[in-house]
Amino acid sequence: MTFDLTLSGSDLLLLAPEIFLTIWLCVVLAVDFTFKRIDHENLAYLSVGGVIATLINLIWFDYTGVQGALFKDMFVLDGMAIFIKILVLISTALVLLASIDYVKSFKFFRGEYYFLVMMSALGMMFMASAQDLLSVFVTLEFSTFGFYVLVAYLREDQKSSEAGLKFFILGVFAAGLLAYGISLVYGETGTLVFSEMASTPGSIGLAIGFVMIFAALGFKIGAVPFHSWIPDTYQGAPTPVTAFLSIAPKVAALAILIRMFYIALATFKPMWALLFVVASIVSMTYGNIVAIAQKNIKRLLAYSGIAQIGNVMIGMAAGTKRGSDAILFYLLTYLFANLGAFAVVIGVSNLIKSDEIEDYNGLNRRSPFLAAAMLLFLLSLAGVPPLAGFIGKLYIFVAAIEQELYTLLIVGLINIVISMYYYLVVVKKMYINEPHDPTPLSVSTPLKTVIFVGIAGTLLLGIYPKPFIDWAVATTLMFSNIAAPTASDPAVLISLAGG
Amino acid sequence: MGQLALLATLFAPFLGSIVLLFIPNRQPFLVRVVAAASAGVSLLASLYVFLAYDPDKGGFQFITNWAWSEELGIGFHIGVDGIGAPLVFASAILLFAGIFISWHIKDRTKEFYIFLLILAAATIGVFMSLDLFFLYFFYEMSVLPMYVLLGVWGSHTKGYLSMTDEEGRKLRDSVGFILNFGSNSKEYAAMKLTLFLSAGAVFALMGILLIYHFSPVQTFDILVLREVAHFDGTLATIIWVLVFFGFASIAPIWPLHSWSPVGHAAAPAATSMLHAGVLMKLGHFSIIRVAYEILPDATRELMPIAAVLCVFSIIYGGFVAYFAKDTKYVIGYSSSSHMGYVFLGMAALDYISLTGAVIYMFAHALATGMLFAMAGWVYDQTHTRDIPSLGGLVKNMPFLAGAFIIACMASVGMPGTVNFIAEIMIIVGSWEKYPFQVVVAVLGIVLTMAYLFKMMRGLFYGQMSPEYAHARDTSHWVDRLPLLLMIGCSIFFGIFPMHFYNVVRSTVVPMLDRINQVAPLVTQNTTGLLP
Chain L
1 MTFDLTLSGS DLLLLAPEIF LTIWLCVVLA VDFTFKRIDH ENLAYLSVGG
51 VIATLINLIW FDYTGVQGAL FKDMFVLDGM AIFIKILVLI STALVLLASI
101 DYVKSFKFFR GEYYFLVMMS ALGMMFMASA QDLLSVFVTL EFSTFGFYVL
151 VAYLREDQKS SEAGLKFFIL GVFAAGLLAY GISLVYGETG TLVFSEMAST
201 PGSIGLAIGF VMIFAALGFK IGAVPFHSWI PDTYQGAPTP VTAFLSIAPK
251 VAALAILIRM FYIALATFKP MWALLFVVAS IVSMTYGNIV AIAQKNIKRL
301 LAYSGIAQIG NVMIGMAAGT KRGSDAILFY LLTYLFANLG AFAVVIGVSN
351 LIKSDEIEDY NGLNRRSPFL AAAMLLFLLS LAGVPPLAGF IGKLYIFVAA
401 IEQELYTLLI VGLINIVISM YYYLVVVKKM YINEPHDPTP LSVSTPLKTV
451 IFVGIAGTLL LGIYPKPFID WAVATTLMFS NIAAPTASDP AVLISLAGG
Chain F
1 MGQLALLATL FAPFLGSIVL LFIPNRQPFL VRVVAAASAG VSLLASLYVF
51 LAYDPDKGGF QFITNWAWSE ELGIGFHIGV DGIGAPLVFA SAILLFAGIF
101 ISWHIKDRTK EFYIFLLILA AATIGVFMSL DLFFLYFFYE MSVLPMYVLL
151 GVWGSHTKGY LSMTDEEGRK LRDSVGFILN FGSNSKEYAA MKLTLFLSAG
201 AVFALMGILL IYHFSPVQTF DILVLREVAH FDGTLATIIW VLVFFGFASI
251 APIWPLHSWS PVGHAAAPAA TSMLHAGVLM KLGHFSIIRV AYEILPDATR
301 ELMPIAAVLC VFSIIYGGFV AYFAKDTKYV IGYSSSSHMG YVFLGMAALD
351 YISLTGAVIY MFAHALATGM LFAMAGWVYD QTHTRDIPSL GGLVKNMPFL
401 AGAFIIACMA SVGMPGTVNF IAEIMIIVGS WEKYPFQVVV AVLGIVLTMA
451 YLFKMMRGLF YGQMSPEYAH ARDTSHWVDR LPLLLMIGCS IFFGIFPMHF
501 YNVVRSTVVP MLDRINQVAP LVTQNTTGLL P
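Chains L and F, in that order, are what the protein sequence lines are.
Quick note: the first sequence, position 322, residue 322 per my numbering, numbers continuous.
Quick note: the second sequence, position 424, residue 424 per my numbering, numbers continuous.
Everything labelled a hint here was simulated from the structure, so no lab data went into it.
There's no promise every hint is true.
Said to hold, decoys possible - Here chain L is said to cover these stretches of chain F; the calculated rule only asks that three of the stretch's residues, wherever they fall, bring their Cβ under 8 Å from a Cβ of chain L:
#	region
1	143-153
2	191-203
3	457-465
Said to hold, decoys possible - Just a few of them, taken from the derived set where beta-carbon distance is under 8 Å, the chain F residues facing chain L:
#	residue
4	LEU30
5	SER69
6	GLU71
7	GLU187
8	HIS213
Here a beta-carbon is modelled for each residue, glycine too, at the ideal position from N, C-alpha and C.
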C-alpha cells in the first residue's frame, strides 16, 4: 500500500472549507494575543464571521456539485459530508453567538474559548469526511481534544472540573476501544478503507472489532449503555459548551456510523440492524424514563438527548437509504430545537444564575419571549406538529415501517407519549406556576438572534420541509443501491393487500 | 370562490394568532378585536362553504391540493364533503362564540386568544383534511393548546370531587375502571387530558403508518387510498382496531372517557365549549374519514363493537351526570353520554342513522356549547360550581335563566331544535339493527331530562344564598351575542333542516353503499394511480 500525497489545485479545492477555517482560527488566536485589549465580544463576531464564510463556501459546493475524494478515500467530500459539515457549522455559529454573554463570566482565557470551539468544529468537519478507519480515529480524537478543555473551562467550579475529568477518562477509554477495534478489523481485512472492506467474509474478529468501534462511537453520540458520562458532563460544563456537545459531535459521529455500516458492512445488515434495534429501544426508553425524575434543566435535556439519539438510531436500524435520509433530516430538526432550548437555558442562567427547573416557575410572566421560545423548542423535541420535530419523527417512523420494524415502532410511539410528560412539566412550570420573583428578564441581542434562528428553523422545517427533505434525499444518493426497501415492490404489496 | 372560502376558514384564525403576537399585552381591547375579527372571517367563510356545498353533486368539494412532499407522498389536500362542511361550520360558530364568552379574561389575554385560535384552527383543519398526514397533523396540533389553556386559565375542580353522595361515589368507583387518582387540580386535569389524547393519537398513527405501508401506492392521500388500498383479514382488523380506538379515545367512547369530564371541568368556559363542542367530534369524524373510507369491509364487520360500547357510554355518562354536583361535571358527563348516540348512529351503518349521527354532532356542538358558556358565566359571577350551594339565580339572571332553559331543551332534543331531528333519525335508523340500544338511547333521553332539569332547578330556582346576591345577568351585547348566535342556529336548523339534511345525505349514501357492498369499492378510474 503506497500513499500518493501529491495534491493538485482541484484537490485543494475540496479541502478549501477546512483550510479556510484553519487559517481563520489561527487569525482569531493571533488577534487575541496581539491586541490584548480587544473586547472578547468582537473576537466572537470575528469567529462567527469566519464560520459563516466557511458555511457559504460549503453551500456553494453543494449548489455547484463539487465532490471528490482525496488521499485514497481517506477524505471524501460528497453530498452527505457537505450536509453534515453544514450542520456542524450552523451549530458552531449559533453556539459562538450564544456564548458571548456567558464568556463574560470567565475570569481569563476568554479569547481561547472561541479558538477551542472552532478547533473542535474543524475536527468534526473532518469527521464528516472520514471514510477510512485511520481517519476516523484521527478526526475523532482531534475533535474531542477541544472539548476536553472546554468542558472543564470553569476552573473554579467543582462541577465543571468533575465533568471535565469524567469526560476525559471515559473519552480516553473510548479512544482505546476504538484503536483496539480498528486493529482487530485491520487484522481481519487487511485494509482500513470502508469501500474495500465491503467484500470481506465475516469472522468473529471482524465482529468484535466493529462492536468495539460501535461502542466508541456510541460513547460519542451518547447511546445507552455508553451514556454514563452524559448527565454529569452536561450539567457541569459551561452551558454553551453543553449546547455544542449536545449536537455537533453527535451529528459528526453519526456521519461516521452511517458510512461505516452502510459501506463497509452492507453485507452484514441483518446483524447490525438488530444491534441498532436493541440500542435504540434501550436508549429511548431509558432516556425518557430517567428524564422524568430530573430537577435540573441541563440534566433533563441530557436525558432527552439520549432518548432523541434512540430515535435517530431507528433510522440506522432500518438500514436503508430512506433510513439515512431520515436521520439527516432528523438531525437538522434536532439541531434547531435543541440548540434553541439550550439558548433559552443560557439566557435564563445568565440572568438568574440557576439551572434548576424549579426556577423556571412563572417564566412566562417574567419573559414571555423566552417562555414562548422554550415552549416551541420543547414541543418540537416532543414531536408535536406543526413543529420540525414531528416531521423528523414521522420520517424516521416511515423508514422503520418500510422495513417492518414493528416492535421498534411501537416502542418509539409509546416513547413519544412518555417524553411529552416531562416536556410538559417544564411547560407547566413556565406557564402555570407563579414566579417566586416577578422581576422581568431581558435577553441580549446575540442570544435573541440565536433563539430567533432556532424558532425560524423549527417552524420552517415543520411547515414547509419539502426542500430540506429533498436535500437530504439528494445527499445520500450513493446509498440508493443499498438494501432497497422491500415495501416499494408493488406486486408484493398488492398481493399482501389482497388485490 | 368556495375553495378560497375554505382556505379562509382554515387560515384566518392562524393569521389572527400570528397578528396577535405583535400586539402588546397592555392593549387587551385590540387583542380581543383582532381575535374576534379573525374568528368572524372564519365564521362567514365557513357559512359560505356550508351553503355553497352542492348536495346534488356530492363528494368532496372546494378541493385544494398542493404537493407538500413527493418523497413521502404527502399533499396539502383539503376539501369538504357533506360531513366535513357542517362540522367546519360548527367549529367556526363555537370559536366565534368562544371569543366573546372569554371577553372578560384579564390574565394574559393575548396568550389566551393565541392558544384558543390555534386550537380552533387546528380543529377546523382536521375536518377538511383529505390527507392522512394532515389529518394527524392538525389532530395532534389541536390537543396541545388544550394543555396550556386548561393549566393557565382553568380552575381547580374541587367539586368532583363534589360527588359527595355516598351513592354517587360508589357508582363512580365501581364502574370507572380507569383509576382517577383523586387529584382535583387543573394541572392534573390538563396533564391527564394531554397524555390520554396523545396516547390515543399515537395508536391512530400506528394504524395510519400501516395503511401507508401496505397500500400499493405510497401515499397519505385519502382519496387515492380509498380507491386503491383494500385490506382484508387480520391486517384489516389490526388497522381498524388501532384507528378506531386511537380516535375513539377523543370521542370519548366508554372505557376511554375518563380524561374528558375532568378536562371539561377544569377548562375555562370557551375551551370547554370548543372541547365538548368540536374537539370530541374529531374522534367520530376521523373514524368516519379513515375507517369508513379506507377500511369499509372491516368497518362493516367490526362496527358492532361500537354498538356495544355506546350502551355503556350512554348509561354510565347519564348516571354519573345525575349524581354529579358540579355544573361542569354534569355537562361534561352528559357530553360523554351523548357521544354514545353518535356511536350508535354510526354503528348501525344505516343511511338515516348515519345522517342523524352527523347532524347530531352539529346539534350537540351548539347545545353543549351553550350550556358550558352559561355554566361559565354562573361560575364567573358566583365563583362556585357546586349545585347544592347555588339556587334562585333566576331573580338576578332572568335572561340567562331563559337561555339556559332553551339550551337544556335543545340538549334533551325538544322538537324545534336541530337536536330533535338528529335524535329521531338516529333512533329510527338504528331500530332495525340494534333495537336494544335504541331502547337504552330512549331511556338515556329520559335520563338527560332528569339531570338537566335537576341542574336547572338547582341553579336558578329555589332559595338564593345571600352571598350570591351580587351576581348579575348578561347585560352587555358582547355577552349575549354568542348565546343568541348559538340558540339562533340551533332553532333555525331545527325548523329548516332541508339543506343540512341534503348536504349530509349526499355524502352518507355513497359511503354506506361501499360499506354495505351495494356499490363497488373502486368508484373512480384508478388507471395511472397504481405503479
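The hints, checked one at a time:
{"no.": "1", "hint": "143-153", "result": "holds (count 5)"}
{"no.": "2", "hint": "191-203", "result": "holds (count 7)"}
{"no.": "3", "hint": "457-465", "result": "violated (count 0)"}
{"no.": "4", "hint": "LEU30", "result": "17 Å, violated"}
{"no.": "5", "hint": "SER69", "result": "5 Å, holds"}
{"no.": "6", "hint": "GLU71", "result": "5 Å, holds"}
{"no.": "7", "hint": "GLU187", "result": "6 Å, holds"}
{"no.": "8", "hint": "HIS213", "result": "5 Å, holds"}
When each numbered hint is compared with the structure, violations occur for hints 3 and 4.
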